[in-house]
Amino acid sequence: MNLLGLKEYFEYYATIHCELKHVPEIENERAFFCVNTEEKSNQYIRNAKMDLIMVLMPYDKSQSPPAGENYNWIKNTCFLVLKRCDSNNNDEIISAQSQCEQIADDFCTVMINDRHSKLRSLESGSITMSPVGPVVDSHYGYICMFNIIDSFNHYVDPERWL
Numbered sequence: 152m153n154l155l156g157l158k159e160y161f162e163y164y165a166t167i168h169c170e171l172k173h174v175p176e177i178e179n180e181r182a183f184f185c186v187n188t189e190e191k192s193n194q195y196i197r198n199a200k201m202d203l204i205m206v207l208m209p210y211d212k213s214q215s216p217p218a219g220e221n222y223n224w225i226k227n228t229c230f231l232v233l234k235r236c237d238s239n240n241n242d243e244i245i246s247a248q249s250q251c252e253q254i255a256d257d258f259c260t261v262m263i264n265d266r267h268s269k270l271r272s273l274e275s276g277s278i279t280m281s282p283v284g285p286v287v288d289s290h291y292g293y294i295c296m297f298n299i300i301d302s303f304n305h306y307v308d309p310e311r312w313l
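FYI, in the working numbering the residues of the sequence shown are 152 to 313.
Just so you know, the hints here were simulated from the structure itself, not pulled from any lab data.
Note that the coordinates shown come from a computational prediction; the quantities given were computed from them, not determined experimentally.
Check the hints yourself; a few may be wrong.
Capping the alpha-carbon separation at 20 Å, the derived lysine to aspartate or glutamate pairs in DMTMM-like fashion look like this [claimed, not checked]:
hint, residue 1, residue 2
1, Lys172, Asp288
2, Lys158, Asp265
3, Lys158, Asp237
4, Lys172, Asp211
5, Lys269, Glu252
6, Lys269, Glu159
7, Lys200, Glu170
8, Lys172, Asp257
9, Lys200, Asp237
10, Lys212, Glu189
11, Lys158, Glu170
12, Lys212, Glu190
13, Lys191, Glu159
14, Lys269, Glu162
15, Lys158, Asp211
16, Lys158, Asp256
17, Lys191, Asp288
18, Lys200, Glu178
19, Lys212, Asp301
20, Lys200, Glu180
21, Lys212, Glu274
22, Lys200, Glu162
23, Lys158, Glu180
24, Lys158, Asp257
Derived CB-CB ranges, DEER-like [to be verified]:
hint, residue 1, residue 2, range
25, Pro309, Asn179, 20 to 26 Å
26, Phe303, Glu170, 24 to 30 Å
27, Asn179, Ile245, 23 to 29 Å
Virtual Cβ for every residue (Gly too), placed ideally from N, Cα, C.
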């Protein structure tokens, strides 16, 4: 699964999640962002209109050792669920992180549920989460990291070359 496929997968669930309520067509109700570089993430987070957001980061990928004739890309992927809050109010930060942790749990549950259908390339047991913040000065929440494993044909396809 490539980044576009992951974006579509997560964006769909962001639109039907009761707390995120992502509406891609309306600027003031966009709660999900897929960024193409890590550097762009700060800009998206800073400019988000919604206080509660989800950001899907681009993945790093490395080739896993082949087993027989099977070659795989291991794609280290993550998303953040963040809430804008007062950085000086510890109780508000704890409340924001607790809310974001629950939303991240919701998405992990869906990912695990979809591992045999929509998200077949999810590496079982690779999901980890950690609290984060402050991100872009005023956002706190959770980061969820996981691996996607994609097999690829390591033989040269002459139709892909001039």
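Against the structure, the hints:
1. Between lysine 172 and aspartate 288 the CA atoms are separated by roughly 24 Å; this puts the pair beyond 20 Å, and the hint is violated.
2. Among the hinted pairs, lysine 158 with aspartate 265 is consistent with the structure: their alpha-carbon atoms are about 15 Å apart, no more than 20 Å.
3. For the given pair, lysine 158 sits about 29 Å from aspartate 237 by alpha-carbon distance, which is inconsistent with the 20 Å threshold.
4. Note on lysine 172 and aspartate 211: the hinted pairing is violated, with a Cα-Cα distance of about 28 Å set against a maximum of 20 Å.
5. For the hint pairing lysine 269 with glutamate 252, the CA-to-CA distance comes to about 23 Å; that exceeds 20 Å, so the pair is violated.
6. Restraint check for lysine 269 and glutamate 159: the C-alpha separation of about 11 Å stays at or below 20 Å, so the hint holds.
7. The straight-line distance between the Cα atoms of lysine 200 and glutamate 170 is roughly 15 Å, inside the 20 Å bound, and the hint therefore holds.
8. Restraint check for lysine 172 and aspartate 257: satisfied, since their Cα atoms lie roughly 14 Å apart, inside the 20 Å limit.
9. Our distance criterion of 20 Å between C-alpha atoms is met by lysine 200 and aspartate 237, whose separation comes to about 16 Å.
10. With a C-alpha separation of about 14 Å, the suggested pairing of lysine 212 with glutamate 189 holds against the 20 Å cut-off.
11. Our distance criterion of 20 Å between C-alpha atoms is met by lysine 158 and glutamate 170, whose separation comes to about 19 Å.
12. Annotation: proposed proximity of lysine 212 to glutamate 190 holds, straight-line Cα distance about 18 Å (limit 20 Å).
13. In summary, the hint linking lysine 191 to glutamate 159 is supported, as the alpha carbons are separated by about 19 Å, within the 20 Å threshold.
14. A distance of roughly 13 Å separates the Cα atoms of lysine 269 and glutamate 162; the hinted pair therefore holds under the 20 Å criterion.
15. Proximity of lysine 158 to aspartate 211 is assessed by CA-CA distance (about 15 Å); at most 20 Å being required, the pair is judged to hold.
16. Straight-line distance between C-alpha atoms of lysine 158 and aspartate 256 comes to about 18 Å, which keeps the hinted pair within the 20 Å bound.
17. Of the pairs offered as hints, the one joining lysine 191 and aspartate 288 holds, with about 15 Å between alpha carbons and a cut-off of 20 Å not exceeded.
18. Taking the CA atoms of lysine 200 and glutamate 178, the gap is about 7 Å. The hint holds against a cut of 20 Å.
19. With a C-alpha separation of about 10 Å, the suggested pair lysine 212 and aspartate 301 falls inside the 20 Å cut-off, and the hint holds.
20. For the given pair, lysine 200 sits about 7 Å from glutamate 180 by alpha-carbon distance, which is consistent with the 20 Å threshold.
21. The hinted pair formed by lysine 212 and glutamate 274 meets the criterion: a straight-line CA distance of about 13 Å does not exceed 20 Å.
22. A distance of roughly 17 Å separates the Cα atoms of lysine 200 and glutamate 162; the hinted pair therefore holds under the 20 Å criterion.
23. Taking the CA atoms of lysine 158 and glutamate 180, the gap is about 17 Å. The hint holds against a cut of 20 Å.
24. Proximity of lysine 158 to aspartate 257 is assessed by CA-CA distance (about 17 Å); at most 20 Å being required, the pair is judged to hold.
25. Between proline 309 and asparagine 179 the CB atoms are about 50 Å apart, so this pair departs from the stated range of 20 to 26 Å.
26. Look at phenylalanine 303 against glutamate 170: about 37 Å separates their beta carbons, and that is not inside 24 to 30 Å.
27. For asparagine 179 and isoleucine 245, the Cβ-Cβ distance of about 27 Å falls inside the hinted range of 23 to 29 Å, so the restraint holds.
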